[in-house]
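Starting from the known structure of chain A, fit chain B onto it as the hints suggest.
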Amino acid sequence: MRYGLKPYVGNMKKINRGIVLFLITIPTLLVCLPIVLLVTGSVMSNGELWEHLSPVFSEAAEYISWKIVPDYPTFGNYGKLLFMTPQFFVLFWNSVKMVGLILLGQLLVGVPAAWAFAVFQVRGSRALFALYVVLMLLPFQVTMLSSYLVLNRLGFLNTQQTVILPAVFSTFPVFLTYGGFRCIPMQLLEAARIDGAGELRIFCKIGLPLGKSGLLSAMVLGFLEYWNMMEQPMAFLEDKSLWPLSLYLPEITWAQAGYAFTTSIITLIPAAFIFIWGQDYLEQGIIFSGLKE
Amino acid sequence: MAGKVRVTKLAAGGDGSIKVQRRRRSHSAKSHKDTRAFALFLAPSFAGVLLFVLLPFLDVVGRSFRTVVTGQFVGFQNYGTIFANQAFLLAVKNTFRFTLVCIPLLVVIGLAVAAPVSRLKNAGAIKSLYLFPLAMPTATVVIVWKMVFYRQGFLNLFLTRIGEWTGLWGEVRTDYLGSGAAFWVLVFSYIWKNTGYTVVLWLAGILGISNELLEAARVDGASERQCFFKIVLPNLKGSLYTIVILSFLNSFKIYREAYLVAGAYPQQDMYLLQHLFNNWFVNLDFDKMAAAAVCVGGFLFVVIMLLQRVWDKKA
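From first to last, the protein sequence lines stand for chains A and B. Numbering (numbering that gives the first Met the number 0) for the first sequence: 0 to 292. Numbering (numbering that gives the first Met the number 0) for the second sequence: 0 to 314.
Heads up, a few of these hints could be off.
Just the calculated beta-carbon pair ranges, DEER-fashion [said to hold, decoys possible]:
#1 A/PRO208 with B/GLY74: 54 to 60 Å
#2 B/THR165 with A/LYS96: 51 to 57 Å
#3 A/ILE67 with B/ALA215: 51 to 57 Å
So, partial list: chain B residues that the calculated Cβ filter (under 7 Å) puts toward chain A [claimed, not checked]:
#4 PHE56
#5 VAL143
#6 GLN151
#7 ILE303
No farther apart than 27 Å at their CA atoms in a straight line, the calculated lysine-lysine pairs in the BS3-like style are these [said to hold, decoys possible]:
#8 B/LYS145 with A/LYS239
#9 A/LYS204 with B/LYS32
#10 B/LYS92 with B/LYS252
#11 A/LYS79 with A/LYS96
#12 A/LYS79 with A/LYS66
#13 B/LYS126 with A/LYS211
#14 A/LYS96 with A/LYS211
#15 B/LYS145 with B/LYS92
#16 B/LYS120 with B/LYS236
#17 B/LYS252 with A/LYS239
#18 B/LYS145 with A/LYS79
#19 B/LYS252 with B/LYS145
#20 A/LYS66 with B/LYS145
#21 A/LYS239 with A/LYS79
#22 A/LYS96 with B/LYS252
Hints are computed from structural coordinates only; laboratory data are not their basis. Since the structure is predicted, the reported quantities are computational estimates derived from the model, not experimental observations. Glycine included, each C-beta is placed from N, C-alpha and C at the ideal position.
Chain B with its partners taken away, still in its complex shape:
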């Protein structure tokens, strides 16, 4: 094996040496030493992950097939229970609805901001402006949202003034947090918080596209619009994958806003899986929780793997 590698190295010569060196390192007698170093560096972290996440999760998988009190094996009965549970179905529906509305919206808004900003020379200040909500603690923001979205809040005041001014409508008295509009308040709050990092990721993707390619297209007479749709967009698939994954991850954190605005049992349009898990936890419904954790975890695992596969194929 070593001899063969040496031949490749000789053939590759000069600048090809990085790749060859790496290959040689992983196949030679040094690999044993490498494995030991790898294990030593990783050990503390992996031990913790094993103890705090992996082993207990196996325990949870086991519990999802048993009753809470007696620990008797009941097969898929817990799974049957949660899928017949109205609260679970409502929470799944709302969570899906939230994700399906928010993620496309966030992706598009982020790109719509990043595309013009990428042409500016000093975009630093604009980026900070968009990123700042990420740093604002949720509890701080929620007071403001309450003042804006209550029945007597700023939004209704503003709409009423516009109505008076234009004479098109009278007083507006919508209760945004107690009606179906609560869902859209959450959507707004999510977009407000997360646009910043989406813009940063899109910008990184756009600035990573080679200038030569675009110059060549322009020399051939392509318009700016054509450049954007034919060259920039197709080259951003990697960024899209990342943004979708991270937005998805962050969409679960909307629970903080939802909980602080409306408590553990909010208006039913914003009752999310996170509320349900929390309420089951408080009521010690561990059998249902275990079954639901396995379902949601399994679902997320499959989605992540599928996205990764789609991305790998296209990139």
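Isolated chain A, as found in the complex:
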């Protein structure tokens, strides 16, 4: 299959303007409204929030209400969250640490594996690759008990290794990086071999620079996935001081709605930043995840 060619009809006139408008309006509403809600909520004073939200949790007769521009905008909740809630900081750094270590581990372990599958066609490599694909598709719930058993035996339960280690050996990044490596022409490697380069040198000097896009797509998709991770820490981390930020939000009750909004925004910022910076890689990654071998 070929990607990234010209559109099959380059004729703008033929599409109805109405359709285009519709295609733009619907997602704009569905994406922007939630963000607007969160942003305005995060700069509202607690009193004002209470006024707007109280119908929701007091089962009152009137409906929820909202103001796009708060009467008394304030950064009070940000201040309180950032400077007076140590728990928030602990969880924020937990998230950063876990995501960072997972991605680093995936780079060290998964990228060479992807190289092995992409470059060497030896007996059994195709069967192993098929196994990796199946493992990548199994949902967490199916492997939950087996992960628990092995983590328990290794004595890792209730430490952050329980979340980090299984994720490091996830086969999804292998598959994505493989997609990038497959785009490297084999003649190039052959030429390097004839010139006497060793396999490790070829991997570092040719594979890594040329397969960069696949590698970065795996990192971007991985970041978004693990920044949002919930199932693993919820099942395997009992101690709340080890939790990632993604599990902190649900702990906040309606009575502290102001915190909920500010925490949401702060959780969103790194993900949004990665999204804006890495959108091309994200798209590339989605396409790589679709390439059949």
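Chain B in isolation, oriented as in the chain A frame:
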């Protein structure tokens, strides 16, 4: 063997050399060296997979035939228990229902968006718009869903205002999260999150279709509609396979939304297999969990293999 290959290479000559070179590499004396390099590059990853996934899964298969406490062999008794378990049957039913509603819906919506977008010259901004929900952390979104779908939430407010304005209906007081509608809230949330990557995959498929083919059809007088249904659609079977597989994989992640909106024991229409596994885990029902993990894992394995086979045959 080497001699034979050399003959082919000579016969193929110039531009055919890529294929021949690859073949020669895998059959010659170098193949031993290749195997060693392959093993060395793969070793760290495979060791981890073996230790963290494959071996423990064998352990789970073993446990599915034993009792939890005494470890006594009981044959298929655990399997009998789960298939007589009301919660398991309900969860299987709901999970099937969710998958069967969501995946066709997602596939069609994605294509309906991708087909017109593929004709636009600068579709980058539209794609970002559709992709952004993928980046939004679930916990962030769930607050918004709660504000929208509670009994006194925005959706009911909006519907009530429309009712007042048109005079067709009065106050709307549906409790979306506490009734059968909860299921559809999940469906909405899934579609909201996943449309973006489906659009990207369809677009990649559509843009991969050769222009010459379509030009030729147009010269022969085919209408745009005919071009789409007779040429574009049949060429997208590969994309369809990928989209179905990935949507299926992602459909299991809806648990996050379901759990955050409604907790471990939600309204019964949105009680999914994921809830059940989690609750069994919390209650230490490892025998049932093992049997169910083997059943679900085995089922998924067969489905993936079947899809792959169907796809291979058609492509």
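Do the hints match the structure? See the list:
Between A/PRO208 and B/GLY74 the C-beta distance comes to about 56 Å, which sits within the given range of 54 to 60 Å. Our hint of 51 to 57 Å for B/THR165 and A/LYS96 holds, since their Cβ atoms are close to 54 Å apart. About 53 Å separates the C-beta atoms of A/ILE67 and B/ALA215, a value consistent with the hinted range of 51 to 57 Å. Look at B/PHE56: its Cβ gets to within about 5 Å of chain A, closer than 7 Å, so that hint holds up.
Nearest Cβ of chain A to the Cβ of B/VAL143: about 4 Å, under the 7 Å cut. The hint holds. Restraint check, B/GLN151 versus chain A: the minimum CB separation of about 4 Å is within 7 Å; hint holds. Interface restraint check: B/ILE303 against chain A, minimum CB-CB distance 6 Å, threshold 7 Å, status holds. At roughly 24 Å between alpha-carbon atoms, B/LYS145 and A/LYS239 fall within 27 Å of each other, so this suggested pair holds.
Of the pairs offered as hints, the one joining A/LYS204 and B/LYS32 holds, with about 20 Å between alpha carbons and a cut-off of 27 Å not exceeded. At roughly 17 Å between alpha-carbon atoms, B/LYS92 and B/LYS252 fall within 27 Å of each other, so this suggested pair holds. For the hint linking A/LYS79 to A/LYS96, the alpha-carbon distance of about 23 Å falls within 27 Å, and the restraint holds. For the proposed pair A/LYS79 and A/LYS66, the alpha carbon gap of about 22 Å is at most 27 Å, so the pair holds.
Proposed proximity of B/LYS126 and A/LYS211 is supported: the alpha carbons are some 23 Å apart, at most 27 Å. Between A/LYS96 and A/LYS211 the alpha-carbon distance is near 23 Å, which keeps this suggested pair within the 27 Å criterion. As the CA atoms of B/LYS145 and B/LYS92 are separated by approximately 25 Å, the hinted pair is consistent with the 27 Å bound. Among the hinted pairs, B/LYS120 with B/LYS236 is consistent with the structure: their alpha-carbon atoms are about 24 Å apart, no more than 27 Å.
Simply put, B/LYS252 and A/LYS239 have alpha-carbon atoms about 22 Å apart, close enough for the 27 Å limit, and the pair holds. Between B/LYS145 and A/LYS79 the CA atoms are separated by roughly 24 Å; this keeps the pair inside 27 Å, and the hint holds. The suggested pairing of B/LYS252 with B/LYS145 holds, with an alpha-carbon distance near 18 Å, which does not exceed 27 Å. For the hint linking A/LYS66 to B/LYS145, the alpha-carbon distance of about 17 Å falls within 27 Å, and the restraint holds.
With a C-alpha separation of about 20 Å, the suggested pairing of A/LYS239 with A/LYS79 holds against the 27 Å cut-off. For the hint linking A/LYS96 to B/LYS252, the alpha-carbon distance of about 23 Å falls within 27 Å, and the restraint holds.
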